Amino acid sequence: MAVSSPPNSSNRELISSQLADNRGIAIPAAWRTGQFVLMGLVALLAIWYAIVGYRSPAGDTGAADNFSPFDLVGFAIAMGLIFLTTPTAWVVATTTFHEAIRRRWVTALLGFAVVMLGVSTFFTWMQPGSQQKFLRDYGLGFTVIMTLIAAVFLGVALITPEIERRTILTILSKPVTRAEFLIGKYLGLMLTLALNLAVMGGIFMLSYALFVVQKDGADALTGGNFFANLPHLPQAYALANRADGLGVSLNGVGSDVVNLGRALFLHMGTLSIMAAFAIMLSQFLTGITAIIVSFVVYFLGQSAAYWARLSGGSGTGTPVLNGPIRTIADGVYALLPHLDTFDVRERLVNDLPVGLNYMLKAGSAGVTYTAVMLAVAYFAFSEREF
Amino acid sequence: MPPSNSQGEIAIEPVDSLPVAAVTPTGETALESAGDVIIQTHDLNKTYRAPFSRAGKVALHDLTIDVKRGEIFGLVGPNGSGKTTTLKLLLGLIKPNGGSVEIFGRGPRDVAVKQRIGFLPDGPYFYDHLNSAEVLDFYGKLFGFSKELRQKRTEEILDMVGLDRTDRKRQIRTYSKGMMQRVGLAQALLNDPELLFLDEPTTGLDPIGARQMKKTILKVRDAGKTVLLCSHLLADVQEICDRVAILSEGRLVKFGTVPELVGPSQHFDIYAEGFDDAALQKARGLNLPFERQDGRIRFEAESSEGLQTVLRFINDSNARTLDVKGHSETLEDVFVRSVKSDARLS
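Chains as they are written, first to last, in our numbering: chain A, -10 to 375; chain B, 823 to 1168.
No wet-lab data here; the hints were simulated from the structure.
Treat the numbers as computed from the prediction; the structure is a model and nothing was measured.
Note that CB positions come from ideal geometry on N, CA and C, so glycine has one too.
Hints are not guaranteed to be accurate.
Stated by the list, open to error - Here are some, though not all, of the chain B residues that point toward chain A, as calculated from beta-carbon distances under 7 angstroms:
#	residue
1	Leu913
2	Ile916
3	Lys936
4	Tyr947
5	Tyr961
6	Lys963
Work out the full structure: start from the sequences and follow the hints.
Written out as structure tokens, the structure reads:
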């Protein structure tokens, strides 16, 4: 039978006092300050992007150079989204994050990736003579694919299951606006992807660094065996850093790792765009169609430079196409996310630096495209009926 | 202390100990509508259309109702009558094609309105990877409750709905339908709402659980709250609702207090035999409703005057009265009659 709990007048007062302002979660002053600081930074980025970024040589900066009204709108929307990111949206985000990391397939995907990256050094025999290059290609490629799968699948399955399982009915009857819900879901997804990327990237960079160090450093001490060399790593470092300059060369492992870190950081731009794109598509298409279209757009976006060459855009010289077909190519180039901007694997292979200038511009492109996609998703979501 | 019963029915503690606050003091907030009316719809219309199509199904047609503070308001109707559509319009989950909705004098999507309502959907679902305590903690966060209040309130409300402490640690996907309904009720009452929306609240509950749910609804009303209830169970609606709106094919066909709808009238069935064809022809001419039943004739009368008329007719026809059965009209009778009448009209 039921258990009686005594009436608790202190709770009633607490509830009354916490409901008194009638505005959902009160927004602390510090939170608002943080929002305005972030909005200011986005505004500064927009100004910098419009003035400095636009004038810089196209060859160095790639597709992110194209400054258009689309970018301006994107920056404006991004600032609006930051303003709408209330503590309520953050509550939705953290719950989405917890839900995502408890999904079995997400854990399995992460576990598989960690194992594959952890043993990546084993596969270096396949490319004798350029093991480091192989490791960089393999590690980055594997991380990119795995996180991309997570971004698209989780993005498509972010809102629709809430509607199908009707969990959205109870959530939207609480003090949550639809904008807060959508932003919260997106942020939760990005937290999940960031965690995945951090774990995979961390394992990858660690195994890469260990491989290079043991190969060039500890081999001198013990020869060959990676695991046998682990205890000798400090000695290998000591050898490499001998003050007399006679140390073993570590092939610039430090700068390599920094570049790999930057490449992985830039990949967050791809993930952000693809997650927002998948969320947007899921508002209009069924799950499987949205997944297929997302991957098609990813592959088209990866070849954005090709479309630019077809239309002669982005300072790429004489257009290959002319007439109406060129107009179509122009349209495709303008609408496509320029994902090749975020993929610096080729630059790394060719030992080109991934400078701060480049990262800022690519980051700006990521922010604007994500913001526009989320805005489209919001307009569709706000009209949806449950 | 954990409740002893946790496998299907909702267990509710006695009326006095329901942890709901008293009526919100007048003037506490600017969110008030005129007078005691806290829900007002005016000529509310909703048509569902397929994409890229002008044709559509009218789900609700010119609905005008008001719900007063402190009452239990019942919304009843057959499947497809527009009950759930009305509820969704009131909660801002769908948009009307015409007309208006005001709750506490504001639009239904207003966050300030949502702060003061609770909603138990029909067959509630939650994030199934969370346990019930985590679900309530999540909803508590959305209300802006402090950690201390969330913990206290979660304990209190899960005790109240009778969810066993060991069950609280299990993921919701392992719960039975009755346990889900308890969690649904818990989340609806979490913020001590002034206005509670309940959609088929006894779905999935056994008779004891259903009875306890009714007690809870009455307790909420007794605490000065308002309840809007959608249900198919007309006996329950008649028992606990103060006012009722009967919908049929998207139209309001009856609206009023239960005594107004049911009325003081009595219904009589009079069984008789020994009529010839001429007498029955005469009965038709006098508009006396009757039917043949197991070789007997059953007359119907809606009042004591009608009863007297039928008895006089039987006597004049030299027939024999076998039995007279009288019974008070129920909401179900009113409902069936209203819906049939509306179907004939349309």
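Here is how each hint holds up against the structure:
no.	hint	verdict
1	Leu913	holds, 5 angstroms
2	Ile916	holds, 4 angstroms
3	Lys936	holds, 5 angstroms
4	Tyr947	holds, 5 angstroms
5	Tyr961	holds, 6 angstroms
6	Lys963	holds, 4 angstroms
In terms of the numbered hints stated before, the structure departs from none.
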